[in-house]
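Enquirer: The sequence shown: position 128 = 128 (full-length UniProt numbering), numbered continuously.
Derived from the structure by calculation, the hints contain no laboratory data. Errors might be hidden in some of the hints.
Claimed, not checked - Dumping the calculated EDC-like pairs for lysine to aspartate or glutamate here, alpha-carbon to alpha-carbon at most 16 Å:
{"id": "1", "residue 1": "K46", "residue 2": "D76"}
{"id": "2", "residue 1": "K110", "residue 2": "D82"}
{"id": "3", "residue 1": "K126", "residue 2": "E4"}
{"id": "4", "residue 1": "K46", "residue 2": "D82"}
{"id": "5", "residue 1": "K46", "residue 2": "E56"}
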Amino acid sequence: MPLEPGTLRVRLEFAKDIKDCDIFGRQDPYVRLRVGDQQRQSKVCKNGGTRPVWNETFEFIISHENTIDMELMDADKMSYDDVIGRCAVSISKVREHGRDNVHAPVVSGKKNNKQRGFISLQLEFKPHSSNTRPGPHPTSASYPLTLPTPMYCFPATGAAPPHTAMTPSQQQPVWPHTGPGCTYSYTHPVHQHPVHQHPLQPYGHGYGCSYGPMPPATTTPSAPEAGGFASGIHPTWPVVRT
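With these hints in hand, go ahead and build the complete structure from the sequences.
Expert: Here is the structure:
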């Protein structure tokens, strides 16, 4: 089965109980890392001795590679750098699970047959196919329903109120003239917003005679007869009290 390509992230943490190559003073360790044709190098841990600490992270683009090769070195200013030890780490487990913590044993000696300490690593693998996987499709539930905001319009200050026509049911009838005496006509004043109904005057008050407003006639008036009165309507003369 072919290996899936991806990105390998290696965090180089520390080393412990490694070989000491310096007779005087403390050695200055650093690590060379190689995955296939790709090489990386850590910083030098000055006076790190047998327990150097780096805490550095490196990335490798891998396809069929399955091993990290490391070489632990001692930096010298006056001569060539010394080899402290070597180690190899398999990355098959991190390919399968995505993460792995490793204490890689360091072997030393001319035949690389003596273990002297270890190097602590944290590995992480991310396949490239995970970057191209489509995300979930949005559903209608993902979008909240937004209702329009109600708007209210108010007339400007000082503006004239709008004209409101009265319906026939709101208009008061005008009674026809019945001849001499009192004229029974009453027109209700028009008010705007709201319409106030004026109460009727008490009986015998507010008019020229002793009667209130005359109720509307129930018969259809005909042509005037002699005397100036319409048929069907009989006026009532005011009673004069002495």
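Enquirer: Hint by hint, say whether it matches the structure.
Expert: Verification of the supplied hints:
no.	hint	in the structure
1	K46 to D76	holds (11 Å)
2	K110 to D82	holds (12 Å)
3	K126 to E4	holds (10 Å)
4	K46 to D82	holds (15 Å)
5	K46 to E56	holds (15 Å)
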